[in-house]
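Trainee: Chains as they are written, first to last, in the working numbering: chain C, 1 to 458; chain P, 1 to 492.
FYI, nobody ran anything at the bench for these hints, they're computed from the structure. Note that this is a predicted model, so its numbers are computed, not measured. C-beta atoms are modelled at their ideal positions from N, C-alpha and C, and glycine is treated no differently. It is possible that some hints are incorrect.
[To be verified] In silico contact screen, one side only, chain P against chain C (beta carbon under 7 angstroms); selected entries:
| no. | residue |
| --- | --- |
| 1 | Arg-13 |
| 2 | Ala-234 |
| 3 | Glu-402 |
| 4 | Leu-480 |
| 5 | Val-482 |
[Claimed, not checked] Cβ-to-Cβ under 7 angstroms is the rule here; a few derived chain P residues that face chain C:
| no. | residue |
| --- | --- |
| 6 | Pro-3 |
| 7 | Val-4 |
| 8 | Pro-8 |
| 9 | Thr-9 |
| 10 | Leu-98 |
| 11 | Lys-99 |
| 12 | Leu-103 |
| 13 | Pro-116 |
| 14 | Pro-218 |
| 15 | Arg-219 |
| 16 | Gln-225 |
| 17 | Ser-245 |
| 18 | Val-485 |
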Amino acid sequence: MSSDSVLDFLTEELVVGKNIVTYRSLSHALGIHVNKAKNELASYHSERAGSLDAAHATYIIGGEPRTSYLDSVRDADAMTVDEQETDEGSEHVPETKITLVGEADLETSKEQYARIDFVHIYSLSPAPIREPALLCEPAKSLRETDKGAGTGFTVALGRITGPNWHTNIKERTDLRPARSPPDTKSSAANAASTSKNKLPGLSKAPSTTEETKPVVKSEPKDVKLEVKEEPAKPKPSGKLDFSKAKPAASDSKPKVEPAESSPASKPGPKSELQPSKPKNKLVERKSTLLKLSDSEDEESTRAPVKPPTGRTESNSAPRATRVAAISDDEDDEAPKPPPTTKAAYKKIKRKAAVPPDSDAEKELRAMMDIDDDHVTKVPRAASISEPATPPPATDVEMEDRGPETEPEPEPEPGRAPAARKAQRKPKKVVPVGRNGLRKRRVVKSRTTMDGKGYVGAS
Amino acid sequence: MEPVTIPPTPITRLATTVLPLTDSTPSFTIQAINKSFKHQYANIYFVRLRHLKPCVEKEAIKRWKNVPGSPKLIPRVLDVIKGQICLIIGTVYMDMPLKPNVLEDVGRDHTIPAPPPREKIHSQEDRVMLEDESGRIRLIGKILEDTPLVTGVIVGVLGAETSSGDFEAIDLCFPGMAPQDDDGMDIDDFPGTSTDSDSGARDGYIAFVSGLDVGSSPRSEAQTQVLVEYLSGACGGLDDQRFASQISRLVVLGNSLAPLGPTGGAVEEGKEKEDRKSRRHGDDNTSFSPHPIRNLSAHLHDLSQSVAIHVLPGESDPSGSILPQQALPRAMFGHASSFASFSCETNPTYIRLAAGTHGSDGQIHSSRTGRIRTILATSGQPLNDMSKYVPTVPTTGLKLAEATLRWRHIAPTAPDTLWCHPFFTIDPFIIAETPDIYAIGCQPRFATRLVTEGKYRSRVILVPSFAETGILVLVCLKSLDVRIVNILAHSP
Numbered sequence: 001m002s003s004d005s006v007l008d009f010l011t012e013e014l015v016v017g018k019n020i021v022t023y024r025s026l027s028h029a030l031g032i033h034v035n036k037a038k039n040e041l042a043s044y045h046s047e048r049a050g051s052l053d054a055a056h057a058t059y060i061i062g063g064e065p066r067t068s069y070l071d072s073v074r075d076a077d078a079m080t081v082d083e084q085e086t087d088e089g090s091e092h093v094p095e096t097k098i099t100l101v102g103e104a105d106l107e108t109s110k111e112q113y114a115r116i117d118f119v120h121i122y123s124l125s126p127a128p129i130r131e132p133a134l135l136c137e138p139a140k141s142l143r144e145t146d147k148g149a150g151t152g153f154t155v156a157l158g159r160i161t162g163p164n165w166h167t168n169i170k171e172r173t174d175l176r177p178a179r180s181p182p183d184t185k186s187s188a189a190n191a192a193s194t195s196k197n198k199l200p201g202l203s204k205a206p207s208t209t210e211e212t213k214p215v216v217k218s219e220p221k222d223v224k225l226e227v228k229e230e231p232a233k234p235k236p237s238g239k240l241d242f243s244k245a246k247p248a249a250s251d252s253k254p255k256v257e258p259a260e261s262s263p264a265s266k267p268g269p270k271s272e273l274q275p276s277k278p279k280n281k282l283v284e285r286k287s288t289l290l291k292l293s294d295s296e297d298e299e300s301t302r303a304p305v306k307p308p309t310g311r312t313e314s315n316s317a318p319r320a321t322r323v324a325a326i327s328d329d330e331d332d333e334a335p336k337p338p339p340t341t342k343a344a345y346k347k348i349k350r351k352a353a354v355p356p357d358s359d360a361e362k363e364l365r366a367m368m369d370i371d372d373d374h375v376t377k378v379p380r381a382a383s384i385s386e387p388a389t390p391p392p393a394t395d396v397e398m399e400d401r402g403p404e405t406e407p408e409p410e411p412e413p414g415r416a417p418a419a420r421k422a423q424r425k426p427k428k429v430v431p432v433g434r435n436g437l438r439k440r441r442v443v444k445s446r447t448t449m450d451g452k453g454y455v456g457a458s
Numbered sequence: 001m002e003p004v005t006i007p008p009t010p011i012t013r014l015a016t017t018v019l020p021l022t023d024s025t026p027s028f029t030i031q032a033i034n035k036s037f038k039h040q041y042a043n044i045y046f047v048r049l050r051h052l053k054p055c056v057e058k059e060a061i062k063r064w065k066n067v068p069g070s071p072k073l074i075p076r077v078l079d080v081i082k083g084q085i086c087l088i089i090g091t092v093y094m095d096m097p098l099k100p101n102v103l104e105d106v107g108r109d110h111t112i113p114a115p116p117p118r119e120k121i122h123s124q125e126d127r128v129m130l131e132d133e134s135g136r137i138r139l140i141g142k143i144l145e146d147t148p149l150v151t152g153v154i155v156g157v158l159g160a161e162t163s164s165g166d167f168e169a170i171d172l173c174f175p176g177m178a179p180q181d182d183d184g185m186d187i188d189d190f191p192g193t194s195t196d197s198d199s200g201a202r203d204g205y206i207a208f209v210s211g212l213d214v215g216s217s218p219r220s221e222a223q224t225q226v227l228v229e230y231l232s233g234a235c236g237g238l239d240d241q242r243f244a245s246q247i248s249r250l251v252v253l254g255n256s257l258a259p260l261g262p263t264g265g266a267v268e269e270g271k272e273k274e275d276r277k278s279r280r281h282g283d284d285n286t287s288f289s290p291h292p293i294r295n296l297s298a299h300l301h302d303l304s305q306s307v308a309i310h311v312l313p314g315e316s317d318p319s320g321s322i323l324p325q326q327a328l329p330r331a332m333f334g335h336a337s338s339f340a341s342f343s344c345e346t347n348p349t350y351i352r353l354a355a356g357t358h359g360s361d362g363q364i365h366s367s368r369t370g371r372i373r374t375i376l377a378t379s380g381q382p383l384n385d386m387s388k389y390v391p392t393v394p395t396t397g398l399k400l401a402e403a404t405l406r407w408r409h410i411a412p413t414a415p416d417t418l419w420c421h422p423f424f425t426i427d428p429f430i431i432a433e434t435p436d437i438y439a440i441g442c443q444p445r446f447a448t449r450l451v452t453e454g455k456y457r458s459r460v461i462l463v464p465s466f467a468e469t470g471i472l473v474l475v476c477l478k479s480l481d482v483r484i485v486n487i488l489a490h491s492p
């Protein structure tokens with residue numbers, strides 16, 4: 001007697017959906033033992049035999065065949081080639097034959113067996129199955145549920161597993177190869193498993209890989225910060241370095257920043273913000289700027305709300321003095337969500353990099369000029385500040401580089417910015433039209449043909 | 001039809017543990033240090049001769065010590081004295097005109113397509129030579145026609161040189177079966193295979209299957225599915241499920257993926273024999289899959305939840321074509337690779353098993369006293385190559401497999417006609433310890449024999465392609481008995 005849930009399921013699958021139901025898919029769908037599912041299928045089939053919505057059954061028979069495989073092979077050989085394979089041939093072995101047949105061929109197939117061990121329904125289908133491959137369809141959805149459910153589920157359903165299988169299996173949630181070296185903890189756990197010696201790296205518990213990941217992540221972050229602190233303070237991408245507005249203060253600032261941000265970077269950007277905020281907003285913003293520039297998505301998502309606002313306002317405010325004012329204004333604004341992708345981040349940077357057409361722009365430029373000076377100042381401080389005792393290598397280097405480098409270290413630091421300023425000043429102003437777009441020269445082009453017959457545009 | 005009984009408690013499977021490989025059963029993984037292609041192949045022959053010459057000598061002395069004339073061992077083949085009966089040991093070289101010759105290949109007419117590779121390369125014009133470090137000498141004699149010989153076998157020959165310069169062989173002597181570890185108890189000590197289904201008296205079985213050929217035809221898909229269900233204990237009545245729980249491991253002996261594309265005339269004929277509408281998997285839409293590997297990994301994932309699996313690469317698998325084929329990458333098998341009990345092996349490979357499970361303290365707990373079984377498994381390329389040298393009629397595959405055990409070499413034709421890695425200091429194909437089970441896959445038909453020599457015995461199994469025959473071979477670990485399961489999917 002089929003129970004209600006089974007009945008509903010079978011009706012839905014066979015009559016409504018016109019799908020094939022195998023005993024395995026039935027057992028997985030309803031969470032019953034496979035043997036029970038076989039019985040249910042049998043009762044459903046027998047109840048409806050002969051009626052309109054009869055389901056066609058496919059049976060599976062197992063037992064000892066009348067003519068064994070070896071005999072049949074030998075007979076086939078005897079017909080083709082006359083050989084004495086029986087004499088020194090293979091030994092006779094007990095054979096179990098399993099056949100998958102449709103119900104129409106059930107009786108004829110049964111006759112091929114000398115002793116039948118089992119006969120049960122393999123599947124029910126709305127129409128007789130002609131292609132055995134159709135029976136593979138339900139297995140696919142079945143395997144999906146298997147994957148999600150885990151081993152305990154299928155054991156209850158009748159799957160035979162080993163006694164220690166739950167410890168043997170290292171279910172890995174991520175199938176990426178674990179890069180971190182196997183630590184002793186995981187190798188001790190592996191001693192209990194039956195994995196082979198040459199695969200210690202793979203049977204690592206996923207927990208170890210997760211643990212090592214954040215550690216690994218924060219390390220390059222620190223490293224990157226240290227490295228990038230010195231050489232590139234203000235990047236040409238438009239990020240401004242307010243701390244450089246005052247040359248006097250800026251000297252100390254870059255030195256202060258590396259020292260400050262490196263210890264501060266470890267606890268994380270948020271905590272770093274709090275202590276340094278009262279001290280110097282510019283400093284903290286700069287380090288967080290750098291942090292954002294160095295790191296990718298993870299950092300930006302983790303970065304607190306403050307930095308993006310700090311950054312956007314920094315681009316708009318050229319001066320340290322103005323920054324203070326603007327930053328207060330911007331702080332009150334609703335914080336924008338941090339950019340989640342590098343592309344978005346770059347877009348913001350680019351947008352911010354377009355100079356607004358105002359005095360601010362000119363001040364910006366001036367600011368940028370100063371920045372460069374100070375950039376050149378800081379790394380060269382080691383070589384320039386003590387020209388009396390330069391290391392011989394650098395001396396040689398400087399000479400080797402030729403005249404172009406000579407004027408640079410020799411003159412005062414003040415002259416270099418002056419030279420730069422002179423280079424920069426005669427920059428042309430971009431003409432902007434009425435609607436805010438750049439004015440462009442529009443030229444009518446004419447196609448001409450020269451003497452030789454070549455066509456050209458002019 | 002009576003209803004199937006439901007077991008009260010879930011049936012658990014017998015477990016076996018894999019033991020680490022020893023020096024006499026080495027690993028075939030090629031390490032980075034050995035991965036050099038700079039040297040010639042001749043070294044393999046020298047190493048082989050050096051290793052097996054003492055064994056042959058011992059055998060020869062044992063065998064021919066009572067021969068009149070007291071033949072002596074001549075150390076160098078070229079030093080034989082005319083007319084005097086003596087014993088020489090060397091490597092067999094078969095000079096066969098039909099053997100694929102690279103010079104012919106280069107010199108042939110390239111405007112016409114190449115002729116298909118021959119099935120047999122032996123002919124009437126074959127000459128058997130015996131070679132060692134000094135030189136080679138031609139062997140003649142009636143005994144050579146009766147004994148199957150292939151290139152690369154180390155053999156001792158008793159005979160005398162004739163006036164024409166050839167060596168007339170009277171008798172041949174091979175190294176004989178390699179010594180076996182006596183820890184594995186002799187089969188006579190065991191009771192017969194127990195058929196009762198008490199959990200205490202179950203014998204462990206190892207299942208061997210070969211040539212799953214996933215992606216070849218839809219019929220084999222259904223067969224593979226029934227195989228998976230049988231092994232995981234879903235199929236059959238309660239008794240069958242209990243029997244299936246005794247299968248502790250499955251070894252897949254190569255050719256798990258069907259070769260794609262036209263594979264030559266032989267394959268087409270075989271398929272034409274079957275009365276099926278579609279021959280290529282592309283023609284049949286019911287189970288067309290652009291990624292047969294996904295089907296295979298789904299089957300293996302299903303199986304690996306129930307049984308420990310070892311997968312060997314075969315001829316049609318995406319592994320290297322030179323022996324020893326390296327293990328397929330685990331990542332290829334998707335979710336199946338997340339199981340520690342799923343392992344990819346090289347081809348050929350040794351597997352050492354002990355009954356029982358590995359406890360958490362690292363000791364092996366087993367209900368029976370420590371019994372170690374060694375399995376040597378190959379995907380059949382050496383045997384298939386060797387069978388080209390000899391006519392099938394008197395010398396069957398089984399005979400050749402038995403002969404390899406007596407020659408103490410898995411693949412004697414290795415550098416000659418069977419592609420292999422240029423080993424320099426070792427020849428890993430030498431059998432230093434006779435395995436308990438010698439399983440060879442991808443054979444045309446199933447055959448098995450228990451080969452014995454003195455107190456050494458080995459169960460040789462030739463496993464046919466599952467996609468064609470549906471045969472699954474089960475070997476009892478205790479008694480080395482064999483059973484087969486023949487799975488068929490009828491299509492009306």
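Trainee: Please name the hints from earlier in the document that this structure breaks, with their numbers sorted from lowest to highest.
Mentor: Those not satisfied are hints 3, 4, 8, 9, 10, 11, 12 and 13.
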